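Trainee: All chains, please: the whole structure from these sequences, using the hints.
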Amino acid sequence: MIAGCLTLSMLSCAWAQQSVVQGADGVQITDADLTAEVLRIPGAAESKVFGKTENVSAAASNLYTRRALAAEAEKAGLDKDPQVIASLRIARDRVLSDARIAQIDKAAAPDAAALEKYARAQYNAKPEQFRAPEEVRVRHILIRSTEPDAKATAEKLLADLKAGADFAALAKEKSGDPGSAAKGGELGFIKKGQMVPAFEQAAFALEKPGELSPVVESSFGFHIIELEEKKPSGLLPFDEVKQGLMDSARVKVLEDARAAKAAELLKDAKFDEAAVEAFSSRYR
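So in the numbering used here, spot 184 of the sequence shown is number 184, and the numbers just go up one at a time.
Since the hints were derived computationally from the structure, they do not count as laboratory data. No false leads were mixed into what you were given.
Quick list of simulated restraints, FRET-style, between CB atoms:
(1) V38 with D166: 50 to 58 Å
(2) A132 with A259: 32 to 40 Å
(3) A99 with Q22: 26 to 34 Å
In silico BS3-like cross-links for lysine-lysine, where the CA-CA straight-line distance does not exceed 25 Å:
(4) K191 with K126
(5) K252 with K117
(6) K126 with K192
(7) K242 with K191
No experiment lies behind these values; they were computed from the predicted model shown. Using N, Cα and C, we set each Cβ at its ideal position, and we do this for glycine too.
Mentor: So, in structure tokens, the structure goes:
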């Protein structure tokens, strides 16, 4: 076998060795070099970064510059410097150890059925962790207290709403809250503790969709609140929390596998405390 590039492997090897940038003195960047650079980026970002030719060219340029500088460093004899030698060894260790960790992760990774079983056990064992608090979805109209006759204006709007005026239209026209006015006063779902006390008390006192609060005064001004939907507190369905529990379980399994491997490797390691102390003392 020649460098692992026989039979079905020949095509992939030829592609991996394809030169992307070729320069003086034999310095080049290959497809394999770029692939190694891709692996440094989180999977979800790969297509965003390397799906653009200009980014591929920029990455290739950076790699080429680094390799050309490395070639110059070797010509200058920097690869014989003891500190550079130590740094090269550490860099090589990082690359190889990362590859070994990926191998350990792959071997330890539980299948989907095992993860779901763990998630279900967690859900059943600690239901208190999966209780959703009471929530209300509301919209409001705010008349800021700096406006003339602000409270009277708010009371007039409330009367108009009770007489059948459209809440969303009035909010867009009259509300002093720019963040919600454009959306017809919509605030979405809120939980207790998210709003100022007076607003919160009035919002959670509403019972039926469409119900209006009295005019409520807060530090912002005068509010009229309409209830759109109310969600009582209760246990979240398993399907809503399953994926998060499975993700957590997978992380824990892999962390445990890595920790076990580290403990195994360190079992016979002996630290020279005097050497540790001597090194530390240089930086005090």
